[in-house]
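Number of protein chains: 2
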Amino acid sequence: MTQRVYVLAVTEEFSPKRWLIGEPLESGRLDEQLLPKRIALPVFASDALSSVAYGPQEMFLVLTIGGLAVLAHAPWVALGVICLIAIVVAGSFQLVRAYPSGGGDYEVAHRNLGPRAGLVVGAALLIDYVLTVAVSVAAGVDNVISALPALAPWRVELAVALIALLAIANLRGVRESGAAFALPTYVFIASVVLLVGTGLVRTALGDPPVAASSAYAVEADPITQAGLALLLLRAFASGCSALTGIEAISNGVPAFRRPKVRNARITLLLLGGVSISLFAGITALGVISRLHYAQDPCDLIGYADCATRPQPSVIAQLATAVFGEGAPLVYLVTASTALVLLLAANTAFNGFPLLGSVLAANGFAPRSLANRGDRLVHSNGVILLALAAALLVLVLRADVNALIQLYVIGVFVSFSFGQIGMTVHWLRLRRTRRREFRMLPLAISVTSALCTGAVLLIVTVTKFTHGAWAVFVLGPILWWLMLGIHRYYARVRAEIAADRTTVFGAKGDHAIVLVEELTKPTLKALDYAIAARHATLEGVHADVDPEATMRLERQWKAEGVRVPLRIVPSPYRDVAEPVVEHIRRHRAEHGPEVVTVYTPKLVGLRWWEHLLHNRRSTRIRQRLTLEHGVTLALVPWRLHPDLPVGPDPRPLPGDARRGQPARPVVRQQHRPARERR
Amino acid sequence: MTQRVYVLAVTEEFSPKRWLIGEPLESGRLDEQLLPKRIALPVFASDALSSVAYGPQEMFLVLTIGGLAVLAHAPWVALGVICLIAIVVAGSFQLVRAYPSGGGDYEVAHRNLGPRAGLVVGAALLIDYVLTVAVSVAAGVDNVISALPALAPWRVELAVALIALLAIANLRGVRESGAAFALPTYVFIASVVLLVGTGLVRTALGDPPVAASSAYAVEADPITQAGLALLLLRAFASGCSALTGIEAISNGVPAFRRPKVRNARITLLLLGGVSISLFAGITALGVISRLHYAQDPCDLIGYADCATRPQPSVIAQLATAVFGEGAPLVYLVTASTALVLLLAANTAFNGFPLLGSVLAANGFAPRSLANRGDRLVHSNGVILLALAAALLVLVLRADVNALIQLYVIGVFVSFSFGQIGMTVHWLRLRRTRRREFRMLPLAISVTSALCTGAVLLIVTVTKFTHGAWAVFVLGPILWWLMLGIHRYYARVRAEIAADRTTVFGAKGDHAIVLVEELTKPTLKALDYAIAARHATLEGVHADVDPEATMRLERQWKAEGVRVPLRIVPSPYRDVAEPVVEHIRRHRAEHGPEVVTVYTPKLVGLRWWEHLLHNRRSTRIRQRLTLEHGVTLALVPWRLHPDLPVGPDPRPLPGDARRGQPARPVVRQQHRPARERR
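One line per chain: the protein sequences are A and B, in this order. Just so we're aligned, residue 1 is where the first sequence starts under the working numbering, counting upward by one. Just so we're aligned, residue 1 is where the second sequence starts under the working numbering, counting upward by one.
Do not take every clue at face value.
One copy or two, either will do: identical chains are not told apart, so a pair holds if it fits within one copy or between any two.
To be verified - Think about it this way: if two alpha-carbon atoms lie no more than 27 Å apart in a straight line, the pair counts; the simulated DSSO-like pairs of lysine-lysine are: (1) Lys-557 - Lys-524; (2) Lys-557 - Lys-520; (3) Lys-260 - Lys-37; (4) Lys-260 - Lys-507; (5) Lys-507 - Lys-37; (6) Lys-260 - Lys-520; (7) Lys-260 - Lys-557; (8) Lys-260 - Lys-524; (9) Lys-507 - Lys-557; (10) Lys-520 - Lys-37.
Everything labelled a hint here was simulated from the structure, so no lab data went into it. Given the structure is predicted, the values throughout are model-derived calculations rather than measurements.
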């Protein structure tokens, strides 16, 4: 088993995850060209399309509350959702050209409405990535259970297990390979089209499909006009969950084949078209087959042992109604649905680090998130995402309906901020470059800003009491946190900025070699210290254990080291403090010389080795870094030099969407350097 | 809020615990003299005495299974346990003198039966510390619930919360202050004595107390002779849980006041006497009051709503029987019992790191565990212990009876190995120093070795199927792990041992300053590099971002840095690899010179700062440590120099039992150093 340099990255900071992960997957060696449309569509659309699996379901669920009378309004509500999709697509369509760098709504808001507005979008999106994972996985489990009701008792465990699976896969570094995405997505589209098609044809032939749930009556309390309006709004708000994921493309432009913008836009149109038709089709079938879907199956009069028996998902019900109980096609539909939902969840694992790096580049997230090629960082992102999603799933018992309540808000925050930003963008264009300005784009942006804004309002109002409040608590906290980080960086930058006032001019050059035992690493450190020809040089040993000290002194003589050995007392079995005292004393006597402290450092390659090494010397160094005029010289001694070392060949989550060139698997070649003065 | 150097220890490796912990407690400044007997007794005895709280209970529980006929045998079983206590005390009594260093059974086995045997004891004890926490906390919760039945539904949560509480307390650094221990322990002893006394007096006066549970019949299947024998053995085995904790004293000799051994032995005798009398008294009362205690209250015929209503602990039942329902004394007894059980759990938090450091000193545990004054290490031990115990409590639903099944084994493994070791010790003495050899000690050791061995066998046989098997799985794994660590250290020691063959003699001296931006820290690094007067010196910048490079070059000229700046290309936005390439190239051209790489290092004092810094440069350093002939020179730049720095004043878990001198709260004073050649 060859261990590469990324193992080192871990030895710096232990993470049990390394356990789970081990060797890079072969998939890490997949070809890494930019994505052609036919591949980009599935990669970016799985999120948006999969939401068609729960969008209509949530809509029906809310309508069913009002009883059959209200259910009749389904088509109109659906129409509203469809128009909204069209509008949002149109909005992103322009956004993609105006800001092709992949910053998406965040960038637009940031550039046009100021960093704080951008940050709102950033926070909203971060939260939404978490929810994408939670909702998609929960919905996926729903469909699995619809096919295999036996699994019902393990709903939550199943969901958590799937999240863990996705996390591990991404930690190991699965490139979002087109192939892996294309097949399931296209199968999903095809099977749903087939489903809808067959259903409509049967209806045309006068044999409309009938959902099993149509047999169950729903008792509903008489409802006022106002109540009806509110209910329809809620249904609409829930249906809007079908819009989640459309933003993915505007965040992934860099990953497209040239001409990037053009391809991205075409893909966007395709995506819009497909999701509209799927949404319309499923709703139509639902209405035709008189499907009833209740939040709690026990509200369905006549539904046997509702307490234990789970309610099949809408897709599953329709498939059964159209193809007949237990037909293989039913399993195809549910399986492909579940699979696409998983892929959708996976996209979040790729989007999260990507957004993170954009935020970091603007100084709103730990700068390390911006480091390309830093696996550990991305891994932490993946783990963070997984934990948050798992927590959500646990708390809300993997209940899609409960999760959806939190979901849509984030998306529409980013949509509306993005479109408001676009509006500002056009207006500025109008002022600055009159020639390029056109009226239509502005109009589109304004409308879609208004619509998305209105929907955001509706969603908030109708869902706030159903759990959406949580988002309005977490969002601001996140926002505030990111601002704080930004402030911190600003302060540090100011602190370390080069200025004329601070004068450097260290003089004198004393060197100390910290000696614990006289081992090879220590001898090497001594040797290097000598080679560096410092003005003065001494070995220093803290007298923690008199016996050990004696032994050392004897050895020191025996080896004939040409450097004086100084023993400093350590009454408290502590090394750092006595050495610090010694250094201070030296600087007190010899004036403020630069003191270079040499310490040997054992370097192991295996992730667990650091658990057995260097704790102490690291602490000592930590302490020494606080002394004035001290430089720490680490002389590495590499253990088991047989293990190979090289750059980490594994792809990073989000690389594909970022359109990153792949790091080479083999070592880099010698490249000439140019010198400047 | 002043942050001291220990915060740094944390910035090295982030641990969320720091969050929970914050500032050291005032208790950290308690006086730190060695312990006089009257204080040592409670400190070391709480574990042993508290086990009297569940020992008899477990015995009664098992006997009750056999029905009233079998219950009659209680006195004889108790007698067996009492004799065993006496024997074990006698055994430890000699052990304390023979091995006063505090290694206890582990040391005896290690020295006399070889490291592997010692390791068995070590593993057994480690597991037992975990069980001490789990059992004591669970039993404590039992007594709390007996007093306040309303808390019954939260049994598990309560237990976990208590464990967390103990962990946090120990992380913050509570010294095992005599005072804190003395009061509850003595109150416990007093209250139980009062309980027993009153009970016996009332019996003498012809008004014996009657336990409420005596009213409930127990149905028991007719039982064979063999069955009876086995049942009695099981009862005995369960009763033996009263012996846990006696080993504490032999592990804590160094903490006693001089004459250490004598005081330790006297304390040991006191301890033995007290626990025997308490055990005897409680059993007697149990028999007199015809107490019935079933594993599942529903086995008690006539026990109303047994499903929901918890069964009061034996102590609680006796207290009620003696003092009457709801008498204040009842609450005193149960409260002091609960408190002592908590203290017992706390002792494990002190013993665990102590044993860890002994194991580490022998190279069987990560060496860092041996570092005195290394808070982080101890903290990790505490957290590990807490997590393990919490897991156990969760899995076994804080069910004392279930936990007890795992418990006794470890104790008796260490007892028997310890006593076998002692036997060997005496026999060797007989061979080597005939004059000092006496027959009696040998006899004692042999008997107690045989008895404890026999009990170990009984315990294993009677409990294996009841869950004890888990111990026989975990133990060996732990054992094997520790052996592996030992082997690893041995290999490394061999690898780095100084020998005549390896020749050092590095020559040449080239220095590189890694430059990212031209900030104060970088300028300081340049300045130090210049001060060190290396043979050759250059600044190196990896061209990750052309713009930034341009800017740097302009600034470089502007600042008029007297060092050539070399730009190395970085096609993969990576810094480490290009620099490595550059160094190799240099060494290829100029021969194998020592290359010193200067990097500025930002040093923050707050635990969260490292999250925002240095990730990348740390990675780069990590990579550079793998290159031949490279020395890393860190030039620290301290942020916000206003925060104070000093040694960590807080006491470490286990210090009290280790008899450690306290680290000073104020800075150490200047101490003269002696020079040697």
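Evaluation of the provided hints:
1. Lys-557 - Lys-524: within (17 Å within a copy, 37 Å between copies)
2. Lys-557 - Lys-520: within (16 Å within a copy, 43 Å between copies)
3. Lys-260 - Lys-37: This pair counts as within: shortest intra-copy Cα distance 10 Å, inter-copy 82 Å.
4. Lys-260 - Lys-507: Result: close neither inside a copy nor across copies, 56 Å intra and 55 Å inter.
5. Lys-507 - Lys-37: neither (63 Å within a copy, 59 Å between copies)
6. Lys-260 - Lys-520: Neither way: Lys-260 and Lys-520 sit 57 Å apart in one copy and 41 Å across, limit 27 Å.
7. Lys-260 - Lys-557: neither (71 Å within a copy, 39 Å between copies)
8. Lys-260 - Lys-524: For Lys-260 and Lys-524, neither the intra-copy (55 Å) nor the inter-copy (45 Å) Cα distance is at most 27 Å.
9. Lys-507 - Lys-557: between (32 Å within a copy, 23 Å between copies)
10. Lys-520 - Lys-37: For Lys-520 and Lys-37, the Cα distance exceeds 27 Å both inside one copy (59 Å) and across copies (48 Å).
Violation of the numbered hints given earlier is confined to hints 4, 5, 6, 7, 8 and 10; the remaining hints are satisfied by the structure.
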